[in-house]
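Enquirer: Residue numbers (this note's numbering), protein chains in the order written: chain A, 109 to 217; chain B, 811 to 923.
Only true hints are included.
Coverage of chain B stretches by chain A, computed from C-beta distances (three or more under 8 Å per stretch; other residues unrestricted):
(1) 847 to 855
(2) 858 to 867
27 Å max Cα-Cα, derived DSSO-like pairs, lysine-lysine:
(3) B/Lys824 / A/Lys148
(4) A/Lys145 / A/Lys176
(5) B/Lys819 / A/Lys149
(6) A/Lys176 / B/Lys905
(7) B/Lys867 / B/Lys819
If you only want the chain B side, here are some residues facing chain A, beta carbon under 10 Å, derived:
(8) Ile814
(9) Lys819
(10) Ala902
(11) Phe913
(12) Gly915
Keep in mind that the hints were calculated from the coordinates and are not lab data.
Note that beta-carbon positions come from the ideal geometry of N, C-alpha and C, so glycine has one too.
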Amino acid sequence: EDKVVQSPLSLVVHEGDTVTLNCSYEVTNFRSLLWYKQEKKAPTFLFMLTSSGIEKKSGRLSSILDKKELFSILNITATQTGDSAIYLCAAQGAQKLVFGQGTRLTINP
Amino acid sequence: DGGITQSPKYLFRKEGQNVTLSCEQNLNHDAMYWYRQDPGQGLRLIYYSQIVNDFQKGDIAEGYSVSREKKESFPLTVTSAQKNPTAFYLCASNKGVRNTEAFFGQGTRLTVV
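Whole structure, please, built from the sequences with the hints as guidance.
Expert: See the structure below:
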């Protein structure tokens with residue numbers, strides 16, 4: 109059965125801290141790993157990763173994929189209160205797009 | 811503007827009634843998906859479709875039905891057989907196996923009273 113597992117499920121840190129969110133996956137015919145940020149309603153796209161070892165960066169956010177270990181991480185440096193959200197990881201297989209349970213990140217001022 | 815439109819945003823229904831949630835996209839995407847999200851949780855896959863007139867059950871299909879008569883449209887019916895239908899429902903689409911990000915609608919919040 110296709111599965112995506114995220115950890116931790118919940119994380120509370122202070123503004124300025126660096127956080128690492130984890131995502132492991134088991135998906136038939138894996139094609140890509142995607143990260144989304146969800147604040148209120150629709151998730152917004154952050155990254156799509158298809159190759160191992162190549163870091164993708166966008167400002168204070170970065171992500172990397174390990175296709176051998178079936179694992180991805182999302183790093184956020186110098187966190188701000190606006191980073192508070194649910195972060196979702198998803199794995200695209202040949203047919204299905206499967207999401208994890210999400211990590212609820214809370215940044216306290 | 812290209813995108814995905816879900817309607818309605820909020821929906822109230824009495825227990826035992828069927829209800830249909832609309833999802834339309836004008837992105838020319840082949841694949842469409844329905845997810846359910848409960849408070850503080852991730853997205854669970856209900857149904858998905860890779861091509862017109864074909865769809866597959868996801869992880870929690872019981873009590874739901876879909877159709878894909880047109881490429882642009884993928885409506886979800888929540889039937890009376892769904893034991894706990896109150897939830898937030900999200901529709902998404904992408905180009906399927908061609909490795910592109912999924913785009914989401916704004917969601918429908920269904921409350922059954």
